[in-house]
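Given the sequences, and given the hints that come with them, work out the whole structure.
Add 1 to the 1-based position in the sequence shown for the numbering used here, that's all there is to it.
Check the hints yourself; a few may be wrong.
[Claimed, not checked] Estimated spans, in silico, between C-beta atoms of each pair: (1) T75 to D8: 15 to 23 Å; (2) L19 to F91: 14 to 22 Å; (3) Q109 to L37: 16 to 24 Å; (4) G60 to L19: 32 to 40 Å; (5) G17 to D85: 17 to 25 Å; (6) A6 to K39: 29 to 37 Å; (7) S27 to G94: 27 to 35 Å; (8) R42 to S7: 17 to 25 Å; (9) K39 to D85: 14 to 22 Å; (10) R42 to V79: 31 to 39 Å; (11) V40 to T20: 27 to 35 Å; (12) T20 to Y72: 17 to 25 Å; (13) D108 to D16: 26 to 34 Å.
In short, the hints are calculated from the structure, not lab data. Keep in mind that this is a model prediction, so the values were computed, not measured. Just so it is clear, CB atoms sit at the ideal spot from N, CA and C, and this is done for glycine as well.
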Amino acid sequence: QISTASDCRPELALDGLLTTFTHTNSETDPWWRVDLLKVYRVNRVTITNRPTYGSRINGAVIRIGNFLDIYSNTVCAVISTLEDGATDTFSCGGMEGRYMIVHIPGDQKILSLSEVAVYEY
2 QISTASDCRP ELALDGLLTT FTHTNSETDP WWRVDLLKVY RVNRVTITNR
52 PTYGSRINGA VIRIGNFLDI YSNTVCAVIS TLEDGATDTF SCGGMEGRYM
102 IVHIPGDQKI LSLSEVAVYE Y
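Quick look at the structure:
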């Protein structure tokens with residue numbers, strides 16, 4: 002995660018609890034990344050939005066790849082809208098990568114995620 006606000010650490014997106022969430026500072030192109038520790042063929046990514054201020058995730062981009070640089074990885078999906086507390090699944094069709102990244106392009110953006118799961122093909 003590019004930054005942490007209000008002690009909402011990046012690992013909270015992987016704790017299995019829908020009541021906790023990550024939170025970045027307001028900045029340009031905020032991102033959250035998980036290292037899968039080896040290259041996988043990714044079938045799908047499931048994201049649960051935070052229970053409040055959920056509109057902050059609108060326009061977020063999910064990427065899969067082998068690079069630490071966000072834009073060097075391939076786009077899996079774009080989250081056009083996701084209601085407060087809602088969960089949605091995004092198909093990645095077997096894209097290969099070690100990293101799964103969620104980022105929001107633009108200035109003065111905040112990225113906040115409740116839960117993220119990555120499923121192998």
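Here is how each hint holds up against the structure:
Taking the beta carbon of each, T75 and D8 are about 32 Å apart, not inside 15 to 23 Å as hinted. Distance hint check for L19 and F91: the Cβ-Cβ separation is about 18 Å, which falls inside the suggested range of 14 to 22 Å. Q109 and L37 have their C-beta atoms about 30 Å apart, which leaves the hinted 16 to 24 Å range violated. The hinted window of 32 to 40 Å between G60 and L19 is violated, with their beta carbons roughly 22 Å apart.
Checked against the hint of 17 to 25 Å, the pair G17 and D85 passes, with Cβ atoms roughly 19 Å apart. For A6 and K39, the Cβ-Cβ distance of about 31 Å falls inside the hinted range of 29 to 37 Å, so the restraint holds. Here the CB-CB span from S27 to G94 is close to 33 Å, well matched to the stated 27 to 35 Å. Roughly 36 Å separates the CB atoms of R42 and S7, a value that falls outside the hinted 17 to 25 Å.
Range check, K39 to D85: about 34 Å between beta-carbon atoms, so the 14 to 22 Å window is missed. At roughly 21 Å, the beta-carbon separation of R42 and V79 lies outside the given 31 to 39 Å, and the hint is violated. For the pair V40 and T20, the beta carbons lie near 33 Å from each other, so the given range of 27 to 35 Å is met. The given range of 17 to 25 Å is broken by T20 and Y72, whose C-beta atoms sit roughly 33 Å from each other.
For the hinted restraint 26 to 34 Å between D108 and D16, the CB-CB distance of approximately 30 Å keeps it satisfied.
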